[in-house]
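Go by the hints and put chain B onto chain A.
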Amino acid sequence: MVIKQYDMKRYFNILALFLFTAFAWMSCSKEDFPVDEDGLLITTRAECYVSDFQLLGSDFQTVLTAKKPVIDTTACTINAEVQYGSDLKNVYPQFSLVTDAKLDPKITGKVDFSDLANPRKYTVVSGNRQVRKTYTVYITIQQ
Amino acid sequence: MRSKYFQYTSWCLALFLLMASCKEEPYEVPVPKDALQNDCIKRSLGPNIVGSNIEFAYAMALPATKGKLVSAQVEASIAGAGTTYLEHRSYYTDGSGVDVGIEIGTPSINQGNTTTVNFSKDTNAVTLRYFYAIPEEARGKAVSFKFSAKSSNGESVNYSMGPYTIAKMDMALDIPVKDAENCFISIADMKAYNATDAAANAAKIDIVYLYRAMSTVAFNHSFVSPGTKTEYLPGVVLPPGVNNISKISRAWALRDNNLARDKYGIYIDDIDFQQLNIASAPDYAINLKEEAGAWIETADGKYRAYIYINKVNNGSKSAVISMKRYTMK
Chain A
45 MVIKQYDMKR YFNILALFLF TAFAWMSCSK EDFPVDEDGL LITTRAECYV
95 SDFQLLGSDF QTVLTAKKPV IDTTACTINA EVQYGSDLKN VYPQFSLVTD
145 AKLDPKITGK VDFSDLANPR KYTVVSGNRQ VRKTYTVYIT IQQ
Chain B
161 MRSKYFQYTS WCLALFLLMA SCKEEPYEVP VPKDALQNDC IKRSLGPNIV
211 GSNIEFAYAM ALPATKGKLV SAQVEASIAG AGTTYLEHRS YYTDGSGVDV
261 GIEIGTPSIN QGNTTTVNFS KDTNAVTLRY FYAIPEEARG KAVSFKFSAK
311 SSNGESVNYS MGPYTIAKMD MALDIPVKDA ENCFISIADM KAYNATDAAA
361 NAAKIDIVYL YRAMSTVAFN HSFVSPGTKT EYLPGVVLPP GVNNISKISR
411 AWALRDNNLA RDKYGIYIDD IDFQQLNIAS APDYAINLKE EAGAWIETAD
461 GKYRAYIYIN KVNNGSKSAV ISMKRYTMK
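Protein chains in written order, with the working numbering: chain A, 45 to 187; chain B, 161 to 489.
Isolated chain A (complex conformation):
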């Protein structure tokens, strides 16, 4: 049986139309990937904690002593001991957070941790942006 030319044309047209509607229906919609004001993905995670803390000096080497900083995720405190003679006015803090969480206020450069009587506070915001926990960083200087 000979397939006539106009039959093939019709066949290809119908196939193309079908594929087009299938792809259009399957495409991603904006609602699947909500994004917050910083352009970060909002996920379903509710965990909200700091897992590690690091403090670097102006030479980008750590100013913490060999004692690891103690992070209490219930009391929301971080206790870190810095080396004797550290310049706390020009340090770069680094927080390791749980997956999808972010920190508020953002750390954009050097931070002044020298006022030991008024410890700095940082708020961790969970992946779903619903949970906020404020951590206080207590610095002690090695004597």
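Source of the hints: derived by calculation from the structure; they are not laboratory data.
Just so you know, these numbers come straight off a predicted model, no measurement behind them.
Careful: at least some of the hints might be erroneous.
[Claimed, not checked] One-sided and incomplete, this derived list gives chain B residues near chain A with beta-carbon spacing under 8 angstroms:
hint : residue
1    : Thr-388
2    : Tyr-392
3    : Gly-395
4    : Ala-411
5    : Asn-447
[Unchecked claim] Here are some chain A residues the structure puts well away from chain B; computed CB gaps all over 10 angstroms:
hint : residue
6    : Ser-73
7    : Asp-144
8    : Ala-161
[What the hints assert, rightly or not] Under the rule of at most 30 angstroms between Cα atoms (straight-line distance), these lysine-lysine pairs were calculated in the DSS-like manner:
hint : chain 1 : residue 1 : chain 2 : residue 2
9    : A       : Lys-154   : B       : Lys-489
10   : B       : Lys-462   : B       : Lys-338
11   : A       : Lys-133   : B       : Lys-471
12   : A       : Lys-154   : B       : Lys-462
13   : A       : Lys-133   : B       : Lys-462
14   : B       : Lys-471   : A       : Lys-111
For every residue, glycine included, the Cβ atom is placed at its ideal position computed from N, Cα and C.
Chain B alone, transformed into the frame defined by chain A:
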């Protein structure tokens, strides 16, 4: 009908492929220009510091049938210091890897801005190194060079290089410092004084070097301003009048190539001192290690410096430092 179209396209493709295919050309030795030619490259890297050299390699050649080289000359826009010279030897590397020089001309003569070498051996192609000793007069200015060569058949060529900016900063290498001896460092003089000389130059002492091996804290090798808190000067007796407070900002992994003379290709130039902002830096830096460094700003703001620690010796409580200094005002 469809198969006919298929046939036509395949014939066309075959024809196009044949026309566009790569032809391999056999290698031919390039034919040199029938004239005297020259070329020049700058061999030294990094900032051009007064007291050091700018090094060039100047190549000149003409076909052997046309003649030989007669003279080579370099004219600098600012006359180089006395040790400026144009090499009068041609080098080759022998089997043991040693560079052997063969004299092809008389030693270079410096006359004003020009350095000349007159050829004494018949040669039609050579590369000569030129070492321009940067003079004090060139500090902060731009220097240009004009390389020229003459051949026996009357031809001459020249090659211009530059302009190159000469750095404003100074450098002092391998200053030994020792705890309780020559431990009073002056940025203005780029020297380390002992207690007696420090008393005579009290206003110029910017940093005290000390070494303390403590059991409770890591003090070790340190740079401390004389005017800082006494807790950072344990056991130090300051000569009278030595009390400047300098800003000291620690640095790490900044092994400047001129100071460290190591394999790292990083250079501190004038612009780094101009853009330096250590206004909030402390007046001390303790527990410094070998290969560490510190940015310094003197109390009167006149000098900014970078001190690099070349070597430390815990046993003898000493260190060797090198510094680059920039005069701000």
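Structure-based check of each hint:
Contact between B:Thr-388 and chain A, as hinted, is not supported at the beta carbon level, the nearest pair being about 11 angstroms apart and thus beyond 8 angstroms. With a least beta-carbon distance of about 7 angstroms to chain A, the hint placing B:Tyr-392 at the interface is held under the 8 angstroms criterion. For B:Gly-395, the interface hint is violated, since its Cβ never comes within 8 angstroms of a Cβ in chain A; the closest pair sits about 16 angstroms apart. Using the Cβ-Cβ criterion of 8 angstroms, the hint placing B:Ala-411 at the interface with chain A is satisfied: the shortest such distance is roughly 5 angstroms.
Interface restraint check: B:Asn-447 against chain A, minimum CB-CB distance 7 angstroms, threshold 8 angstroms, status holds. Residue placement check: A:Ser-73 keeps its beta carbon more than 10 angstroms from all beta carbons of chain B (closest about 43 angstroms). Distance to chain B confirms A:Asp-144 as a non-interface residue, since its nearest Cβ pair spans about 33 angstroms, more than 10 angstroms. No Cβ of chain B approaches the Cβ of A:Ala-161 within 10 angstroms, the least distance being about 19 angstroms, so the stated non-interface status holds.
A distance of roughly 28 angstroms separates the Cα atoms of A:Lys-154 and B:Lys-489; the hinted pair therefore holds under the 30 angstroms criterion. Between B:Lys-462 and B:Lys-338 the alpha-carbon distance is near 26 angstroms, which keeps this suggested pair within the 30 angstroms criterion. In summary, the hint linking A:Lys-133 to B:Lys-471 is supported, as the alpha carbons are separated by about 29 angstroms, within the 30 angstroms threshold. Distance check on the hinted pair: A:Lys-154 and B:Lys-462 sit about 26 angstroms apart at the alpha-carbon level, within 30 angstroms; holds.
Pair hint A:Lys-133 plus B:Lys-462 holds up; C-alpha atoms about 24 angstroms apart against a cutoff of 30 angstroms. Annotation: proposed proximity of B:Lys-471 to A:Lys-111 holds, straight-line Cα distance about 29 angstroms (limit 30 angstroms).
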